[in-house]
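In full-length UniProt numbering, the protein residues as written are 1 to 127.
The hints are simulated quantities; they were obtained by calculation from the structure and are not laboratory data.
No experiment lies behind these values; they were computed from the predicted model shown.
Any given hint could turn out to be false.
Lysine-lysine pairs mimicking DSSO-like chemistry, simulated, CA-CA at most 27 Å apart [unchecked claim]: (1) LYS60 to LYS38; (2) LYS38 to LYS86; (3) LYS19 to LYS33; (4) LYS127 to LYS86; (5) LYS127 to LYS59; (6) LYS59 to LYS33; (7) LYS86 to LYS59; (8) LYS127 to LYS42; (9) LYS86 to LYS33; (10) LYS59 to LYS19; (11) LYS127 to LYS33; (12) LYS33 to LYS60.
What follows is a list of derived Cβ distance ranges for each label pair [as the list claims (entries may be wrong)]: (13) GLU107 to ALA73: 25 to 31 Å; (14) THR35 to GLU80: 44 to 50 Å; (15) ILE111 to TYR52: 16 to 22 Å; (16) PHE121 to GLU44: 32 to 38 Å; (17) SER75 to HIS118: 17 to 23 Å; (18) LYS19 to GLU124: 22 to 28 Å; (19) LYS59 to GLN123: 28 to 34 Å; (20) GLU124 to LYS42: 16 to 22 Å; (21) SER5 to MET68: 27 to 33 Å; (22) GLU15 to GLN123: 27 to 33 Å; (23) LYS19 to ILE66: 18 to 24 Å; (24) GLU80 to LYS19: 37 to 43 Å.
From the three backbone atoms N, C-alpha and C, an ideal C-beta is built for every residue, glycine too.
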Amino acid sequence: METTSTEGRILAVLEEDAKASYAQIADRADVSKPTVRKYIRKLEDDGVIIGYSADIDPKKLAGQSIAMVGIDATSERYVEVTRILKELDSVEALYTSCLLYTVISDEILSIDGVTAAHPSFLQERLK
Numbered sequence: 001m002e003t004t005s006t007e008g009r010i011l012a013v014l015e016e017d018a019k020a021s022y023a024q025i026a027d028r029a030d031v032s033k034p035t036v037r038k039y040i041r042k043l044e045d046d047g048v049i050i051g052y053s054a055d056i057d058p059k060k061l062a063g064q065s066i067a068m069v070g071i072d073a074t075s076e077r078y079v080e081v082t083r084i085l086k087e088l089d090s091v092e093a094l095y096t097s098c099l100l101y102t103v104i105s106d107e108i109l110s111i112d113g114v115t116a117a118h119p120s121f122l123q124e125r126l127k
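Hey, can you work out the whole structure from these sequences and the hints?
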């Protein structure tokens, strides 16, 4: 993320600590509290910030785990497949993604011991 701009610095603070107060964000982003308030309101209005969340360690919760699953669906059934997936209680989040193997695959594959890489980039949150 570009952190040289005011917006970038504010977003970097929020990504690190979504509970940070305006005063804490202002201090860490080197801007005033009114500036923080203005930028956050604009980012929320523009849909850049769509919510605030907590990072939870599933190992600390009995019987909980996190799995990321890539699914291929036919174009004819895509809408129905995503509708069904959104209705599943076990699905906490659902995203569309774009496979861009060559963008970072070479870097990942250069690591000794890595035999395959399947990077994809999240595009849109559906749930």
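Here's how the hints hold up against the structure:
1. LYS60 to LYS38: Status violated; Cα separation ~37 Å.
2. LYS38 to LYS86: violated (33 Å)
3. LYS19 to LYS33: holds (15 Å)
4. LYS127 to LYS86: holds (6 Å)
5. LYS127 to LYS59: Holds - the C-alpha atoms of LYS59 and LYS127 are around 23 Å apart, at most 27 Å.
6. LYS59 to LYS33: Since the Cα atoms of LYS59 and LYS33 sit roughly 37 Å apart, the hinted pair is violated (cutoff 27 Å).
7. LYS86 to LYS59: holds (25 Å)
8. LYS127 to LYS42: The given pair, whose Cα atoms are some 23 Å apart, holds under the 27 Å limit.
9. LYS86 to LYS33: Given that 27 Å is the threshold and the Cα spacing comes to 38 Å, the pair is violated.
10. LYS59 to LYS19: holds (22 Å)
11. LYS127 to LYS33: Given pair LYS127, LYS33 is violated - Cα atoms ~32 Å apart, limit 27 Å.
12. LYS33 to LYS60: violated (35 Å)
13. GLU107 to ALA73: 25 to 31 Å: holds (29 Å)
14. THR35 to GLU80: 44 to 50 Å: holds (46 Å)
15. ILE111 to TYR52: 16 to 22 Å: Violated - the Cβ-Cβ distance for ILE111 and TYR52, about 34 Å, lies outside 16 to 22 Å.
16. PHE121 to GLU44: 32 to 38 Å: violated (23 Å)
17. SER75 to HIS118: 17 to 23 Å: holds (21 Å)
18. LYS19 to GLU124: 22 to 28 Å: Hint holds: Cβ distance 26 Å, inside 22 to 28 Å.
19. LYS59 to GLN123: 28 to 34 Å: holds (29 Å)
20. GLU124 to LYS42: 16 to 22 Å: Between GLU124 and LYS42, where Cβ atoms are some 21 Å apart, the hint holds.
21. SER5 to MET68: 27 to 33 Å: holds (30 Å)
22. GLU15 to GLN123: 27 to 33 Å: violated (18 Å)
23. LYS19 to ILE66: 18 to 24 Å: Given range 18 to 24 Å: holds, Cβ gap about 21 Å.
24. GLU80 to LYS19: 37 to 43 Å: holds (38 Å)
Violation of the numbered hints given earlier is confined to hints 1, 2, 6, 9, 11, 12, 15, 16 and 22; the remaining hints are satisfied by the structure.
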